[in-house]
Amino acid sequence: MATKIINKTVTEFSLRITRSFFVSSKAIHTNSALFQERSETLTNVEKQFPPTIRPPLPIIYSRKLAFPPKFKALRQAWVSNMDTVEEEKLGLIDLHPEVFAERPRVDIIHENVRWQQLYRHVSYANTKVRYEVRGGGKKPRPQKGSGRSRHGSIRSPIWKGGGIVHGPRSPTPYFYMLGFNARLNGLRSTLSAKLAQDDMHIVDSLDIPTDDPSYLEKLVEERGWGPAVLFVDDNDIMPLNITAASDAHGHYNLMPVYGLNVHSMLKHHTLVLTLAAVERIEERLLFHLNRNDAAAAGQKYRLDSV
1122 MATKIINKTV
1132 TEFSLRITRS
1142 FFVSSKAIHT
1152 NSALFQERSE
1162 TLTNVEKQFP
1172 PTIRPPLPII
1182 YSRKLAFPPK
1192 FKALRQAWVS
1202 NMDTVEEEKL
1212 GLIDLHPEVF
1222 AERPRVDIIH
1232 ENVRWQQLYR
1242 HVSYANTKVR
1252 YEVRGGGKKP
1262 RPQKGSGRSR
1272 HGSIRSPIWK
1282 GGGIVHGPRS
1292 PTPYFYMLGF
1302 NARLNGLRST
1312 LSAKLAQDDM
1322 HIVDSLDIPT
1332 DDPSYLEKLV
1342 EERGWGPAVL
1352 FVDDNDIMPL
1362 NITAASDAHG
1372 HYNLMPVYGL
1382 NVHSMLKHHT
1392 LVLTLAAVER
1402 IEERLLFHLN
1412 RNDAAAAGQK
1422 YRLDSV
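Note that my numbering has the sequence shown beginning at 1122, numbered continuously upward.
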């Protein structure tokens, strides 16, 4: 009985497969005409909107790192695009662990933020000293005979309305130079924290197809990059479209790689780096971490430093 059921099932399945191979000529003619019509439509659309030419995927798979680490594993990150709203993974890039996988030092990050907040702070609070107060040209009372205390001028600091001895004098700058190693380690700690929290993204370039601000807004919303985004490239001359699109939004900012700092990275929710910016960041930070003349080069930063 079981053998009959199996034979019947196999026979029905074979007949279905056979029918799928044999289609009437009329149906084939109809389908070919429909396929030809759709092909012509797709060709016209492609002519109107030519596709973006990219190298074959993945464009990044591995690269030779300077000063390769001996005891730390490499970090990897996805490289995505900017020419479409929907995110497309273009490949993987290897990141140096000495730059992007350092243990975040919160104390060093705080030192950098405090330093940046203070070096641009100037106090304009001002008080008048004795010679700047109005009045007091003559002796207020005789030296002797009145029974009162002896005074020579009402501008004296012990008089009400007189001069202030140790009051603030404007302008008072609070600038000081933070140590070079503290600034270097602050960048490493912040970059590592951004990567660990998935708040750092790498793109092939900052080229977008339009200068419409709504396109950039939709792109950021689609990818969940947060309300404030910092775009970093290796050059201070940015692409025209993203410059015009980000100009309408005060929370989308562009920055060259030589201006990257701890305060700006923490102020923005998401950090977007180009491939060229990643190369430049690693090149400069690894150079200073492994240079032989670090003591002599940092001598000029030791004056008035903390």
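Check before you lean on any hint, since a few could be wrong.
Claimed, not checked - Listed next, the in silico BS3-like pairs over lysine-lysine satisfying Cα-Cα at most 27 Å (straight line):
no. : residue 1 : residue 2
1   : 1185      : 1210
2   : 1249      : 1259
3   : 1210      : 1249
4   : 1260      : 1339
5   : 1260      : 1249
6   : 1265      : 1281
Read the hints as simulated data drawn from the structure, not as lab findings.
Please flag the earlier hints that this structure goes against, numbers listed from lowest up. Numbers 3, 4 - these are the hints that the structure violates, sorted from lowest upward.
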